[in-house]
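The chain contents come next:
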Amino acid sequence: MKTLVWVEHDNASVKDATLAVVTAAAKLGEVDLLVAGQGAQAAADAAAQIAGVGKVLLADDAAYANALAENVAPLIVSLADGYDAVLFPATTTGKNVAPRVAALLDVAQISDILSVEGPKTFTRPIYAGNAIATVESSDAKLVITVRGTAFEKAATSGGSGTVEAVSGTGDAGLSTFVSAELAKSERPELTSAKIIVSGGRALKDSETFKATIFPLADKLHAAVGASRAAVDAGYVPNDYQVGQTGKIVAPEVYIAVGISGAIQHLAGMKDSKTIIAINKDEDAPIFQVADIGLVGDLFTVVPELTAKL
Amino acid sequence: MKILVPVKRVIDYNVKPRVKSDGTGVDLANVKMSMNPFDEIAVEEALRLKEAGKAEEVVAISVGPAKAQETLRTALAMGADRAILVETDAEVEPLAVAKILKGIVAEENPGLVILGKQAIDDDSNQTGQMLAALLGRPQGTFASKVEIEGDSVSVTREVDGGLETVKLSLPAIVTTDLRLNEPRYASLPNIMKAKKKPLDTKSPADYGVDIAPRLKTLTVKEPPVRSAGIKVPDVDTLVNKLKDMGIAN
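In the order they appear, the protein sequences are chains A and B.
When we follow this note's numbering, the leftmost residue of the first sequence carries the number 6, and every step to the right adds one.
When we follow this note's numbering, the leftmost residue of the second sequence carries the number 424, and every step to the right adds one.
So that you can see chain B by itself, here it is in the shape it has in the complex (with noise of 0.2 angstroms):
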């Protein structure tokens, strides 16, 4: 079996993003880029689907600019086999990434896409479950739990009240939660043959994708902020407050 997983360059994740003072975005101009943290776990799980012996073959995509190499490379660093990228210096939507997806799978007949749940620069959590519904496929979202019983996987997923667990029919799309597993780091060596794994570069319109966006963004502004109240001394004055707000007797 082989599996796809999608990757995508967002900010580093311990960058705090500053809006543009014009209100058209988030300044992106000399801040630390790194791979989406679910899909470094979503890379995470699939390589040890690959060791377990569930999968011959892990393949890395990304949708972006030519910069994502890096991202693609980090993947392949920590041990996909080979990867592709579909560039475009575009934003491009959820729904338009997922069609560029449908056309890759169709050529590569994977058994799973496992995808992070979300990027945490536009917060969409659209992609995998847009992509199951293109393809006709099952999807096991916000997975903590993986595994393949022969033509089928059980996913355990992170649902408001609690775990759910749902089995899905083989070839299926699974997206990542936070505590599916741990990712690895790549070692200095596996960096230097990564170099040397095969990249693909293609277009959007290799896959006949139009990528035009549906959404218009209007503005970027900053969240109202909030502004620190008072310290007090000690528990009977924070008593004494809580009483004054009614909520303790």
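Isolated chain A, as found in the complex (with noise of 0.2 angstroms):
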């Protein structure tokens, strides 16, 4: 089987979540790799370094330059001819493209997968989480989104891919980019950070969210997420959200701190390697998924954590 793997990157480097694509595709046969982009050389040389691949098909067009999914679908539409399968990142922008190129090539879309189960068969999460569906397409052609926590990241290095150019199918005219307000932070990215430190609505606000949670998180050079009560509450932006409709986790310590445990947060960080717990609420659902809890007032308890770290 061929399989054509969509690349997320930022015209030096691939993201991370692409990189768990790869070794899903692998499970599936040989994997050639698509940079689309404006300026992005770097990173299809990038991409020509990772484990396994064999072709880095690099399309630089300005149309190309926001990933903007009315131009970006049709041109993988374009390429799909010469491969069984083309998987995206469940990533916001790979969400974005994937079933635009599904429709335009008239095929169902896997959305998600946890696993490889066969050629054409796979589980995903139905019910944010809550169950595991295992699903066989009958579709020729397949496209599919990939969870970027169920798969190991393939190494960014000892590949020997080769870069080849291919022509663009232009801006289809349909949409601009405007802007992007993207949140800078010395922090490590949620999705890849090896640790995490959560805050939930208890922090009251969000000069209170800022005082206690980023000094622990500093000390433990960990990332920073909120539950959605916290995102919703306005004491931080909405990229820090974890859970089924925010971010989905899974890094090897997740902390979290004044955070109940709602189903939908759980969706998105119970594949943690260790949960650590801290609540006031001995009875919150977040301490039956947690291997260590700390039942007390986090007011009192996360500055003491921080000083004695």
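Everything labelled a hint here was simulated from the structure, so no lab data went into it.
Treat the hints with care, since some could be wrong.
[To be verified] The calculated lysine to any residue pairs, modelled on SDA-like cross-linking and capped at a C-alpha distance of 25 angstroms, are: (1) A/Lys285 - B/Lys654; (2) A/Lys189 - B/Gly585; (3) B/Lys590 - A/Asn71; (4) B/Lys644 - A/Ala267; (5) B/Lys490 - B/Asp544; (6) A/Lys32 - B/Lys639; (7) B/Lys666 - A/Phe219; (8) A/Lys60 - A/Pro124; (9) B/Lys525 - B/Arg649; (10) A/Lys125 - B/Gly585; (11) A/Lys278 - B/Gly652; (12) B/Lys590 - A/Val82; (13) A/Lys199 - A/Glu309; (14) A/Lys285 - B/Asn437.
Need the complex rebuilt from these two chains, each delivered in its own frame; the hints are there to steer you.
Spelled out as structure tokens, the structure:
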């Protein structure tokens, strides 16, 4: 089977979630990559170093600068003839583009796969991860999005892919990129961090959240996350949200502070290796999944913990 | 301008889904069903655009069983003007729903179609993007802000790194994220009024769409359970545990 992986990149390097997609694709067969962007040669060169990849197709055109689905989807469709499966990371960008490709190819998309069970059989979460479905496709061509935390990341070196330029399909003229307000942080990215400190609604307000959670995170060189309740209450921006409708994370250590453990939050972090919960309510559902729990007032416990680390 | 809002009848978001013991699916017998939460946000956004004078009519659509009428009546009670039920007892995959919606768009010529970004049952997150593809129109997915400006719409999107704004030429497809708005509750008088609003019933065949599934569900299982660990009495014990794990010095 021949597979094509759409690469998410920042023009210089390949994003981590894509490395997990390469691992998933390799379970199906040969892996080629597509790097679409403007001035993305360096990203294509980096992609060629990923272990196990064959060709790296580079489509360098202003139309692909911001990964607009209206422009990227026709490009992928134009290349799809030579492939049995096209795979994307289940990131916001991948989820935006993939169904557009699937519909143009007239195939069903298999969303957010957790494992490859056979050439056309996969597992995927449904009902916010409260059930796992095994599905088999009857389509000739597969369009798949891959949950990044469910597969090991492919090595970023040792590969000997060849970069090959492909011609683009141009600007569809339907949409334009206006602006992006991307959070800048010295801390690690949520989805690739080894340690995450997350805060919930119990943190009271934005100031208290920052004063309580940030020092602990900085001491541990951890990323900062939040529950939906904390994001909805405006303590931190939406890109901090961990959960079914936010980011799915699986760090080595997840420290949940003042988070009760709603189903939709657990869906986003329950694959973490070690979960530590700090909550004053000893009956909070978070303790049912935590490896280590500490019942106590976070406003005394967290500063004490930060000081003693 | 007319706005179409497709809505789906799903398990209520407060209900914990139970997997059937024979592994064929999730047990929906005698379970409370509601409008998909992201679709409520879509209805609300359409109504706000109408109230702001940007749209004249809001049409709610559902593809599903006869009982999806209740979901449509909820949309009508919130303020939608009329509704279309494309009735089928079969489970309809996102691609087939998108094809049915394409047929309705051809008849209704809306300026905007606003959908929830995903349904909380199958969590596919596909229908809006697929509809945009089939229509050859632009898409603004995971919207946290929607502003109509003449013959285009500006959509602020919730993306992994923060927010991104795109400008789409109309007609366009928008899918909603959680922070776009807070949906209103239907008042009792409006619930009564909704009973008299027009609701047309159609079938997938009316739009010439083959709804045969492309994916076969082989099994549905409970996820692996995580067992609770230990409770520590104080911060010092926690610090020692962290040291044992090598994440503190």
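These are the hints, each one checked on the structure:
1. Restraint check for lysine 285 of chain A and lysine 654 of chain B: the C-alpha separation of about 12 angstroms stays at or below 25 angstroms, so the hint holds.
2. Between the alpha carbons of lysine 189 of chain A and glycine 585 of chain B the distance comes to roughly 9 angstroms, so the proposed pair stays at or under 25 angstroms and holds.
3. Distance check on the hinted pair: lysine 590 of chain B and asparagine 71 of chain A sit about 13 angstroms apart at the alpha-carbon level, within 25 angstroms; holds.
4. Between lysine 644 of chain B and alanine 267 of chain A, the direct Cα distance comes to roughly 21 angstroms. Compliance with the 25 angstroms bound is thereby established for this hinted pair.
5. Using a Cα cut-off of 25 angstroms, the hinted pair lysine 490 of chain B and aspartate 544 of chain B holds, with the two alpha carbons roughly 16 angstroms apart.
6. Between lysine 32 of chain A and lysine 639 of chain B the alpha-carbon distance is near 21 angstroms, which keeps this suggested pair within the 25 angstroms criterion.
7. Proposed proximity of lysine 666 of chain B and phenylalanine 219 of chain A is supported: the alpha carbons are some 20 angstroms apart, at most 25 angstroms.
8. This hinted pair checks out: lysine 60 of chain A and proline 124 of chain A have alpha carbons roughly 21 angstroms apart, not beyond 25 angstroms.
9. Proposed proximity of lysine 525 of chain B and arginine 649 of chain B is contradicted: the alpha carbons are some 43 angstroms apart, above 25 angstroms.
10. As the CA atoms of lysine 125 of chain A and glycine 585 of chain B are separated by approximately 34 angstroms, the hinted pair breaks the 25 angstroms bound.
11. Restraint check for lysine 278 of chain A and glycine 652 of chain B: satisfied, since their Cα atoms lie roughly 12 angstroms apart, inside the 25 angstroms limit.
12. Of the supplied pair hints, the one linking lysine 590 of chain B and valine 82 of chain A holds, its CA atoms being roughly 23 angstroms apart against a limit of 25 angstroms.
13. Simply put, lysine 199 of chain A and glutamate 309 of chain A have alpha-carbon atoms about 22 angstroms apart, close enough for the 25 angstroms limit, and the pair holds.
14. For the hint pairing lysine 285 of chain A with asparagine 437 of chain B, the CA-to-CA distance comes to about 24 angstroms; that is within 25 angstroms, so the pair holds.
In this structure, the hints that do not hold are numbers 9, 10, in rising order.
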